[in-house]
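Q: Add chains B, C and D to chain A, keeping to what the hints say.
As a plain string of letters, each chain reads:
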Amino acid sequence: MDKQKRKKKIRLATAWLGGCAGCHMSLLDLDERLIDLFEVVELVYSPIADIKTFPKAVDVTLVEGAVANVDHLELAEVIRRNSTIVVSFGDCAVTGNVTSLRNRLKIDDLLTKVYHEGPGTAPRGLEEDGIMPALIPKVLPLHQVIHIDGYLPGCPPEPDHIWQAVSTLLDGQPVRLTQEMRYFG
Amino acid sequence: MNREELQVIGEREREKQQSYRCRILCCASTPCLSSGATAVIETFKEVIKEFDLEAEVTVTSTGCMGPCSRGPLVTVQMNGQQDVIYEHVTPELARDIALAHAAPEAKPLDRNVLPADLPFFNKQKKVVLANSGLIDPTRLESYVARDGYSALAHALREMTPTEVCEEVIRSGLRGRGGAGYPAGLKWDLVRKAPGDKKYIIANGDEGDPGAYMDRTLMESDPHRILEGMAIAGYAVGADQGFVYVRGEYPIAAKRLENAIRMAERRGLLGSRVLDSPFGFRIDIRIGAGAFVCGEETALMASIMGRRGQPWPRPPYPAQKGLWGLPTLINNVETFGNIAPIISHGADWFGAIGTEKSKGTKIFALAGTVETTGLIEVPMGISLRDIVFEIGGGIPNDRQFKAAQTGGPSGGCIPTDHLDTPVDYESLGALGSIMGSGGLVVMDDTSCMPDVAKFFMEFCMEESCGKCVPCRVGTVQLHRILEHVTDGSATLDDLDRLEELCVMMKETSLCGLGQSAPNPLLSTLKYFREEYEAHITNHTCPAGKCTMFGVPPLQLTRDLLRNTLQAKNDTEVS
Amino acid sequence: MSVVTLHINDEIVSARSDQKLLEVIREQGIEIPTLCHMDGISELGGCRLCLVEVKGSNRLLAACVTPVQEGMSVYTHSERLVNYRHITMELLLSERNHTCAVCVMNGHCELQYEAAELGVDHVRYEYMTPDLPIDASHSKFTLDHNRCILCMRCVRVCDEVEGAHTLDVMGRGTNSRIITALNRPWGDSISCTKCGKCVQVCPTGALFEKGSSVGEMEKRHAFLSWILNGRERKEWHW
Amino acid sequence: MATTSKHKNAPAMQDVEHADPRYKQVDRTLKRFRYRQDALIEVLHTAQESFGFLSDELMIYIARELKLPQSWVYGVATFYHFFSLKPQGEHTCVVCMGTACYVKRSAEIVARIQGEYSIKPGETTADGKLSLATARCLGSCGLAPVLVVDNEVLGKETPESTLQKIREVVATSPDHSGEPADTVNLQEQEEHAS
Numbered sequence: 001m002d003k004q005k006r007k008k009k010i011r012l013a014t015a016w017l018g019g020c021a022g023c024h025m026s027l028l029d030l031d032e033r034l035i036d037l038f039e040v041v042e043l044v045y046s047p048i049a050d051i052k053t054f055p056k057a058v059d060v061t062l063v064e065g066a067v068a069n070v071d072h073l074e075l076a077e078v079i080r081r082n083s084t085i086v087v088s089f090g091d092c093a094v095t096g097n098v099t100s101l102r103n104r105l106k107i108d109d110l111l112t113k114v115y116h117e118g119p120g121t122a123p124r125g126l127e128e129d130g131i132m133p134a135l136i137p138k139v140l141p142l143h144q145v146i147h148i149d150g151y152l153p154g155c156p157p158e159p160d161h162i163w164q165a166v167s168t169l170l171d172g173q174p175v176r177l178t179q180e181m182r183y184f185g
Numbered sequence: 001m002n003r004e005e006l007q008v009i010g011e012r013e014r015e016k017q018q019s020y021r022c023r024i025l026c027c028a029s030t031p032c033l034s035s036g037a038t039a040v041i042e043t044f045k046e047v048i049k050e051f052d053l054e055a056e057v058t059v060t061s062t063g064c065m066g067p068c069s070r071g072p073l074v075t076v077q078m079n080g081q082q083d084v085i086y087e088h089v090t091p092e093l094a095r096d097i098a099l100a101h102a103a104p105e106a107k108p109l110d111r112n113v114l115p116a117d118l119p120f121f122n123k124q125k126k127v128v129l130a131n132s133g134l135i136d137p138t139r140l141e142s143y144v145a146r147d148g149y150s151a152l153a154h155a156l157r158e159m160t161p162t163e164v165c166e167e168v169i170r171s172g173l174r175g176r177g178g179a180g181y182p183a184g185l186k187w188d189l190v191r192k193a194p195g196d197k198k199y200i201i202a203n204g205d206e207g208d209p210g211a212y213m214d215r216t217l218m219e220s221d222p223h224r225i226l227e228g229m230a231i232a233g234y235a236v237g238a239d240q241g242f243v244y245v246r247g248e249y250p251i252a253a254k255r256l257e258n259a260i261r262m263a264e265r266r267g268l269l270g271s272r273v274l275d276s277p278f279g280f281r282i283d284i285r286i287g288a289g290a291f292v293c294g295e296e297t298a299l300m301a302s303i304m305g306r307r308g309q310p311w312p313r314p315p316y317p318a319q320k321g322l323w324g325l326p327t328l329i330n331n332v333e334t335f336g337n338i339a340p341i342i343s344h345g346a347d348w349f350g351a352i353g354t355e356k357s358k359g360t361k362i363f364a365l366a367g368t369v370e371t372t373g374l375i376e377v378p379m380g381i382s383l384r385d386i387v388f389e390i391g392g393g394i395p396n397d398r399q400f401k402a403a404q405t406g407g408p409s410g411g412c413i414p415t416d417h418l419d420t421p422v423d424y425e426s427l428g429a430l431g432s433i434m435g436s437g438g439l440v441v442m443d444d445t446s447c448m449p450d451v452a453k454f455f456m457e458f459c460m461e462e463s464c465g466k467c468v469p470c471r472v473g474t475v476q477l478h479r480i481l482e483h484v485t486d487g488s489a490t491l492d493d494l495d496r497l498e499e500l501c502v503m504m505k506e507t508s509l510c511g512l513g514q515s516a517p518n519p520l521l522s523t524l525k526y527f528r529e530e531y532e533a534h535i536t537n538h539t540c541p542a543g544k545c546t547m548f549g550v551p552p553l554q555l556t557r558d559l560l561r562n563t564l565q566a567k568n569d570t571e572v573s
Numbered sequence: 001m002s003v004v005t006l007h008i009n010d011e012i013v014s015a016r017s018d019q020k021l022l023e024v025i026r027e028q029g030i031e032i033p034t035l036c037h038m039d040g041i042s043e044l045g046g047c048r049l050c051l052v053e054v055k056g057s058n059r060l061l062a063a064c065v066t067p068v069q070e071g072m073s074v075y076t077h078s079e080r081l082v083n084y085r086h087i088t089m090e091l092l093l094s095e096r097n098h099t100c101a102v103c104v105m106n107g108h109c110e111l112q113y114e115a116a117e118l119g120v121d122h123v124r125y126e127y128m129t130p131d132l133p134i135d136a137s138h139s140k141f142t143l144d145h146n147r148c149i150l151c152m153r154c155v156r157v158c159d160e161v162e163g164a165h166t167l168d169v170m171g172r173g174t175n176s177r178i179i180t181a182l183n184r185p186w187g188d189s190i191s192c193t194k195c196g197k198c199v200q201v202c203p204t205g206a207l208f209e210k211g212s213s214v215g216e217m218e219k220r221h222a223f224l225s226w227i228l229n230g231r232e233r234k235e236w237h238w
Numbered sequence: 001m002a003t004t005s006k007h008k009n010a011p012a013m014q015d016v017e018h019a020d021p022r023y024k025q026v027d028r029t030l031k032r033f034r035y036r037q038d039a040l041i042e043v044l045h046t047a048q049e050s051f052g053f054l055s056d057e058l059m060i061y062i063a064r065e066l067k068l069p070q071s072w073v074y075g076v077a078t079f080y081h082f083f084s085l086k087p088q089g090e091h092t093c094v095v096c097m098g099t100a101c102y103v104k105r106s107a108e109i110v111a112r113i114q115g116e117y118s119i120k121p122g123e124t125t126a127d128g129k130l131s132l133a134t135a136r137c138l139g140s141c142g143l144a145p146v147l148v149v150d151n152e153v154l155g156k157e158t159p160e161s162t163l164q165k166i167r168e169v170v171a172t173s174p175d176h177s178g179e180p181a182d183t184v185n186l187q188e189q190e191e192h193a194s
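Chains as they are written, first to last, in UniProt numbering: chain A, 1 to 185; chain B, 1 to 573; chain C, 1 to 238; chain D, 1 to 194.
Hints may be right or wrong, so weigh each one.
Pairwise CB distance ranges (calculated) [stated by the list, open to error]: (1) D:Gln114 x C:Glu70: 58 to 64 Å; (2) B:Arg398 x D:Gln114: 54 to 60 Å; (3) B:Gly324 x C:Asn9: 31 to 37 Å; (4) B:Glu54 x D:Ala126: 53 to 59 Å; (5) A:Leu43 x C:Glu209: 41 to 47 Å; (6) A:Arg33 x C:Trp226: 46 to 52 Å; (7) B:Ser276 x C:Ile12: 51 to 57 Å; (8) B:Glu163 x C:Ile190: 57 to 63 Å; (9) D:Thr172 x B:His154: 54 to 60 Å; (10) B:Pro194 x A:Gln179: 44 to 50 Å; (11) D:Lys67 x B:Gln18: 37 to 43 Å; (12) B:Gly324 x C:Ser225: 24 to 30 Å; (13) A:Ile35 x C:Trp226: 51 to 57 Å; (14) C:Ser225 x D:Gln114: 50 to 56 Å.
List time: in silico BS3-like cross-link candidates among lysine-lysine, alpha-carbon distance up to 30 Å [claimed, not checked]: (15) B:Lys126 x D:Lys156; (16) D:Lys67 x C:Lys140; (17) D:Lys165 x B:Lys544; (18) B:Lys525 x B:Lys544; (19) D:Lys129 x D:Lys156; (20) A:Lys113 x D:Lys120; (21) D:Lys120 x D:Lys165; (22) D:Lys24 x B:Lys254; (23) A:Lys138 x D:Lys120; (24) D:Lys86 x D:Lys31; (25) D:Lys67 x D:Lys86; (26) C:Lys55 x B:Lys505; (27) B:Lys544 x D:Lys120; (28) A:Lys52 x A:Lys9.
To be clear, the hints were calculated from the coordinates, so they are not data collected in a lab.
Every value quoted in this text rests on a predicted model; they were computed, and no experiment measured them.
Using N, Cα and C, we set each Cβ at its ideal position, and we do this for glycine too.
Same shape as in the complex, but just chain A (with noise of 0.2 Å):
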């Protein structure tokens, strides 16, 4: 990256949706490497950072995560609509991942199953009051909900394959991923 030549910083979002935060702990894990990440970007939207609105402008996002539930639909139109570039960030984001095992069961069931049979039994009625978003019927990868521009598979990335496709981002290109880079799983 040419930090000289850039007058203005490029506004970089991560957005969590279905997933276990795996991405981001990856995305952490660039260590020193985060130090030159934020000389040339500025964080305006993500689960590591104190922001609760998706800003407007945002010229790369970074998703986490499958579609599950109505909310992640929301913040899936609402992150398409505000950014230039989108790019599927882990596998659950491009394939659904662990996020879509559930896809093979009833939502009832499951909510059943996890609310109301297991420990720490919840008060009947807790998903009707609409505080919990409700969930769709089957977990979606990102691409089947919004236009994607990059995928970026790997459960989670690792580090070095997520600084390569950050860097290229950054520096205007698409992202290409190496065969060995683009692993599933």
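A: What follows is chains B, C and D alone, placed relative to chain A:
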């Protein structure tokens, strides 16, 4: 039995027929049986007995006469008079018919008579079905009386195997199973294949929904197929044949079995055919309900008692077929053409049809058309003639929309191309195929994406599962079509649909997968605006599909809105 | 055995006349993906990944089953082929539940490898997510239908090399499933010799040894050529 | 082979096969084809005709007689639509879903039956009274839409007429002496006709 004895049998049978003043022929193939032909035949027999007409009037159960939707059908032949065909015959009517024709001054009834100049009959040319509806398929003599087995006798005595092959090549006969490979070339390949054990297979596994030509042929004139197979056996040097009959056709199987038994008893099949050194046996194999077994390698797997999965070609069956031995496999209709070709010569046959598609083709005309049934037409006839002349047009004042040929492997042909001549090349150019001969006419109440979905579902359920493009491709295509017909698809889906279709056509292992996208591609080509109406306007122009009106994701968003509303309400209260 | 010459990607190559195209292509160091093919067992021709273009033939041919011919001209990586392989891989991934992250074969899986090799970084088709069982009744091995790609290697090796024919496939189309005996639990099978050949040849995590966890299962194919060579040369007859 | 039946997992076959005369019909077909393995489909046809469906015991028996692996027999039996591994209901209704019938809206007939009896095609009602099936063209396209209720072929049907017919048929008590007097089997019709 030798050739002379054969002629004597034929002569005697003809004399016997002439001795009756009145011959009543009743159609006893499946469609007429299911509309009550049995009771009609019984009535005729009763009346004859009641009025002591045994010496003058005879009743015969025959094969198909053609216009099945008008069944049960009855033909009355009187010496020196034109045949009269009655439609929708009930037992009551049968009684009247018998009495009217048996009377000394016989006069046909004025009810339920099909006019002799009906375009349904005039526009047809019967070669393969020449005997259908005129002979009793359960009696060998009936077939012999119409020169049956004379072609076999001729071939055995006057021709060498090479000459038989050459005659078939010269006739220009092409496979009637769908692909239209020149039959003679195939025969020659098998003849030249090394080895002294070879097989003949007649493919009667007619799986196309909406097609029943092969069944009718097997039911109406089983000996014709056996004779064709025996000639083929002689030509290629095979001594064993199999007829593979679709499991849904019990009557066809039974009549074939009966025919084989009779032919064997008379020495027309067996170790010495017509007292010649040539020996040929035929066995029947009953299918068990798998469309893919119409594909020749899958069919052979099924004959060998295995899962009906195709295997990659080459090697072709002509080199390595049943049990690894050279095998000639043709459709039953192809075999039905052989005896006339040998009897009348290749030139006679070549004069019928078009330059590249010789002879006639049998079609099962079905769908929304006035007269449905079985027709045999010269190749090159226009679709318009078939639909509007022979079929009598579209009933209920509706509009013609498309003609579907070739079943799940074929395509839909729109109004603009109604004047296309029906031959292998022209149909191929339109993205359809001749196929085995199903022809389903659709009026404007048919929704094309829905029709495409119907065929894709068929292919999905019939895919054997061996190769990936067909096994998964059909499922994915069907899924996308479901989205189209419920209004939740996007225009991107259309591109994906097309791309996947082309990929499946080129990469699938066998004919099923390679042709499965045809109905979809052809409807997409000619009725794209209908697809787009489903996608962009969420409406079905034909009024067939139930639409969500909005994509499911949108629905989910509405759910979200309600949820948010509920959230706000709670906060307020 | 006579020798034939042919062109592969415009290079002149010679081959024995009894060879299949795939073998010759691989001898040239050209990588061509396969999933159902395996040296030592019969060919299936089902995965359609090794399709090649042959000049003069309007159909694409599976290299694993196509015999070489004098003078044939073969192309292995045309744009069309690359695209079709890509789609085939997407179709395979969409058919069942290939969740790599929680698979015993993660990191050693042939399907995963070929997907990466073919540049499949996402699947454009809808995931079918069928509800498939796992048969863990066997004392040593587990059969997880969710990972199965129906390559039939296990069926073929069980029949042709082990000679037990415990495994076969039931149903048809996308509902096909590997079965043991009359679709009964594998552990109840009386014909299974517990040799584990099926497990070792399975390209994915559909068949694995009990006790292996995520990413721990690795498969060894070498035994196959060892057995077959031994049989062919009758090395152990003394 | 004897060891097979001694094994704890295989049912005791010896008793079953001799007690049940229907095995004799299967044996006849086996003999006719000289126990050739490639006669498997023919044998399964006979077995299904005699027993109405292919039970595990029956398939084990056939596998043993033809010296075929059990998985092979099961694979073939499940590949073909004709073979049923479950007993059928007392009454059957087969709706043709061929192109001609589909164009004439046979799908609506299926949907109505599905709604009334809550069974999908290929299923039998919980009380075992009715099995619903669909067929790929019964070859009577001229009479579309066509259905077969207990071997009786009915043409030009509507959802209402079909439901009425089924209600009538299901209401009749099962007649174990054979088919109800008014049903005419196609095969029998054929015999009459010729």
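Q: Hint by hint, note whether the structure agrees.
A: Checked hints:
Against the hinted window of 58 to 64 Å, the Cβ-Cβ separation of Gln114 of chain D and Glu70 of chain C comes to about 60 Å, which satisfies the hint. Remark: the range hint 54 to 60 Å for Arg398 of chain B to Gln114 of chain D is contradicted by a beta-carbon distance near 28 Å. With their beta carbons about 34 Å apart, Gly324 of chain B and Asn9 of chain C fall inside the hinted range of 31 to 37 Å. Remark: the range hint 53 to 59 Å for Glu54 of chain B to Ala126 of chain D is upheld by a beta-carbon distance near 56 Å.
In this structure the supplied range 41 to 47 Å holds for Leu43 of chain A paired with Glu209 of chain C, their Cβ-Cβ distance being about 45 Å. Taken as a hint, the range 46 to 52 Å holds for the pair Arg33 of chain A and Trp226 of chain C, whose Cβ atoms sit roughly 47 Å apart. At about 54 Å, the CB distance of Ser276 of chain B to Ile12 of chain C agrees with the hint of 51 to 57 Å. Roughly 58 Å separates the CB atoms of Glu163 of chain B and Ile190 of chain C, a value that falls within the hinted 57 to 63 Å.
Under the hint 54 to 60 Å, the C-beta atoms of Thr172 of chain D and His154 of chain B, about 57 Å apart, fit the expected range. Evaluation of the 44 to 50 Å hint for Pro194 of chain B and Gln179 of chain A yields a pass: the beta carbon distance comes to about 48 Å. Roughly 58 Å separates the CB atoms of Lys67 of chain D and Gln18 of chain B, a value that falls outside the hinted 37 to 43 Å. Between Gly324 of chain B and Ser225 of chain C the beta carbons are some 26 Å apart, a value that agrees with the proposed interval 24 to 30 Å.
Distance hint for Ile35 of chain A and Trp226 of chain C: a CB-CB separation of about 54 Å, consistent with the stated range 51 to 57 Å. Checking the proposed 50 to 56 Å range against Ser225 of chain C and Gln114 of chain D shows it holds: the Cβ atoms sit about 55 Å from each other. For the suggested pair Lys126 of chain B and Lys156 of chain D, the alpha carbons sit about 29 Å apart, so the restraint of at most 30 Å is met. As the CA atoms of Lys67 of chain D and Lys140 of chain C are separated by approximately 27 Å, the hinted pair is consistent with the 30 Å bound.
For the given pair, Lys165 of chain D sits about 26 Å from Lys544 of chain B by alpha-carbon distance, which is consistent with the 30 Å threshold. Straight-line distance between C-alpha atoms of Lys525 of chain B and Lys544 of chain B comes to about 20 Å, which keeps the hinted pair within the 30 Å bound. For the hint linking Lys129 of chain D to Lys156 of chain D, the alpha-carbon distance of about 25 Å falls within 30 Å, and the restraint holds. Restraint check for Lys113 of chain A and Lys120 of chain D: satisfied, since their Cα atoms lie roughly 29 Å apart, inside the 30 Å limit.
Of the supplied pair hints, the one linking Lys120 of chain D and Lys165 of chain D holds, its CA atoms being roughly 18 Å apart against a limit of 30 Å. Proposed proximity of Lys24 of chain D and Lys254 of chain B is supported: the alpha carbons are some 22 Å apart, at most 30 Å. Between Lys138 of chain A and Lys120 of chain D, the direct Cα distance comes to roughly 24 Å. Compliance with the 30 Å bound is thereby established for this hinted pair. A distance of roughly 26 Å separates the Cα atoms of Lys86 of chain D and Lys31 of chain D; the hinted pair therefore holds under the 30 Å criterion.
Under the criterion of a C-alpha separation no larger than 30 Å, the hint pairing Lys67 of chain D with Lys86 of chain D is consistent with the structure, at around 24 Å. For the hint linking Lys55 of chain C to Lys505 of chain B, the alpha-carbon distance of about 18 Å falls within 30 Å, and the restraint holds. For the hint linking Lys544 of chain B to Lys120 of chain D, the alpha-carbon distance of about 21 Å falls within 30 Å, and the restraint holds. Restraint check for Lys52 of chain A and Lys9 of chain A: satisfied, since their Cα atoms lie roughly 21 Å apart, inside the 30 Å limit.
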